[in-house]
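*Asks:* Mapped onto the numbering used here, the consecutive letters of the sequence shown carry residue numbers 218 to 319.
Some hints could be false.
[What the hints assert, rightly or not] Label pairs and their calculated CB-CB ranges:
1. S276 - G247: 12 to 22 Å
2. V253 - W300: 10 to 20 Å
3. Q298 - D256: 18 to 28 Å
4. S276 - A242: 34 to 44 Å
5. N274 - I232: 20 to 30 Å
6. T229 - E269: 14 to 24 Å
7. D305 - D240: 28 to 38 Å
8. P275 - S233: 31 to 41 Å
9. Y303 - T229: 37 to 47 Å
I should point out that these hints are in silico values taken from the structure, not numbers from a laboratory.
Heads up, the beta-carbon is just placed ideally off N, CA and C, and yes, glycines get one too.
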Amino acid sequence: MADPRIKLQFYTENISPYRRWNDGADLAQGEYLQIVCADDSCHPTLLERLIEKLDNNPSVGLAYSQAWEIDDQGTRLRSFQEWTDYLDKNRWSQDFVDIGKK
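Start from the sequences, fold in the hints, and give me the full structure.
*Replies:* Rendered as structure tokens:
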């Protein structure tokens with residue numbers, strides 16, 4: 218690996234991705250953490266814009282952006298906004314656990 222800040226961790230046991238996310242979070246040493254799956258992509262300035270929001274609002278602990286399903290050509294197929302529309306925007310002003318949409 219050319220960049221010494223990047224460390225690879227290999228596992229032989231196939232388990233829940235959420236457990237692996239926690240494993241990665243436990244190993245992380247930086248100021249920020251982004252979880253990205255193998256089939257994810259993002260706008261080139263996404264991290265810059267999210268980090269700017271975090272840096273300008275020190276009381277904020279999470280930055281989020283809306284997601285889109287895209288095809289292999291990058292064409293937007295559908296938004297995932299239906300999964301967050303029901304959330305009250307003020308809900309994010311305090312800690313909470315969300316059970317998700319059924």
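*Asks:* Now look at each hint and say whether the structure bears it out.
*Replies:* Verification of the supplied hints:
1. Hint check: S276 to G247, Cβ distance near 20 Å, so the stated range 12 to 22 Å holds.
2. Evaluation of the 10 to 20 Å hint for V253 and W300 yields a pass: the beta carbon distance comes to about 18 Å.
3. The supplied range of 18 to 28 Å is met by Q298 and D256, whose beta-carbon atoms lie about 19 Å from each other.
4. Take S276 and A242: their Cβ atoms lie about 21 Å apart, and the range 34 to 44 Å is violated.
5. Checked against the given bound of 20 to 30 Å, the beta carbons of N274 and I232, roughly 35 Å apart, lie outside it.
6. Between T229 and E269 the beta carbons are some 39 Å apart, a value that contradicts the proposed interval 14 to 24 Å.
7. In this structure, D305 and D240 meet the distance hint of 28 to 38 Å, their C-beta atoms being roughly 32 Å apart.
8. In this structure the supplied range 31 to 41 Å holds for P275 paired with S233, their Cβ-Cβ distance being about 32 Å.
9. A beta carbon spacing of about 40 Å between Y303 and T229 agrees with the range 37 to 47 Å that was offered as a hint.
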